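J.: Keeping their order, the protein sequence lines are chains Y and B.
Going by our numbering, 99 is the number at position 104 of the first sequence; the sequence numbering is gapless.
Going by our numbering, 916 is the number at position 109 of the second sequence; the sequence numbering is gapless.
Hints are not guaranteed to be accurate.
What the hints assert, rightly or not - Counterexamples of contact, computed for chain B against chain Y with all Cβ distances above 10 Å: (1) 819; (2) 824; (3) 825; (4) 827; (5) 850; (6) 862; (7) 869; (8) 873; (9) 877; (10) 879; (11) 896.
Stated by the list, open to error - Here are a few chain B residues that face chain Y, going by a calculated C-beta distance under 10 Å: (12) 841; (13) 843; (14) 866; (15) 898; (16) 900; (17) 912; (18) 913.
Just so you know, the hints here were simulated from the structure itself, not pulled from any lab data.
Quantities reported herein were computed from a predicted structural model and do not represent experimental measurements.
Cβ coordinates follow ideal geometry from the N, Cα and C atoms, glycine included.
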Amino acid sequence: RKEVEQDPGPFNVPEGATVAFNCTYSNSASQSFFWYRQDCRKEPKLLMSVYSSGNEDGRFTAQLNRASQYISLLIRDSKLSDSATYLCVVNMQNSGYALNFGKGTSLLVTP
Amino acid sequence: GAVVSQHPSRVICKSGTSVKIECRSLDFQATTMFWYRQFPKQSLMLMATSNEGSKATYEQGVEKDKFLINHASLTLSTLTVTSAHPEDSSFYICSAINRDRMSYEQYFGPGTRLTVT
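Taking the hints into account, I'd like the entire structure generated from these sequences.
T.: This is the structure in structure tokens:
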């Protein structure tokens, strides 16, 4: 079983739509969680950290359910510029600060 | 800011040669740097963790004699792919942790695209 699993998509949505991505992780001892965004042939960029109480940053809302080992990302009012691959990322408990990446969920926002 | 650079951004080499990739933290000190590899349509896979002044820790399945890592200073780590083969063609990305911040946030370099012919 992979440590971090995501639906690869692709998700094709029209501008202005709301879209949600889900992610599950296998290591219950994981402590830190993130969503990264990766554009084609570029390095990942941190979108937001995910906190236990849930957190919001503008149009983006992240949720964490430790009991279910489940993380979500909600994007409201999608923009064309949101088109990218969204990576669910969890710290590797036994490797200090090292991160474990999901394969990513591809989003395409269309006009 | 927290900027990480990589050099070169793209390299093409012949099979059997060695390639060195540099990763630098430009405006902060990084006690720990990580090297990842990403094949097309795959996730980033951690290759090794590089700690300044000590030997790198390699992930299972990564040959330490093939992928030589040196972290000689708080701002520079290098990855040398020795005796490269076409299957080593990939996108290599480094990241660094800012030692002044007690968090897991990693700052990524722009990546190096290696093509072995």
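J.: Give a verdict on every hint.
T.: Structure-based check of each hint:
no.	hint	verdict
1	819	holds, 16 Å
2	824	holds, 24 Å
3	825	holds, 24 Å
4	827	holds, 19 Å
5	850	violated, 4 Å
6	862	holds, 15 Å
7	869	holds, 13 Å
8	873	holds, 20 Å
9	877	holds, 19 Å
10	879	holds, 20 Å
11	896	holds, 14 Å
12	841	holds, 6 Å
13	843	holds, 8 Å
14	866	holds, 8 Å
15	898	holds, 7 Å
16	900	holds, 5 Å
17	912	holds, 6 Å
18	913	holds, 6 Å
When held up to the earlier numbered hints, the structure conflicts with hint 5 and nothing else.
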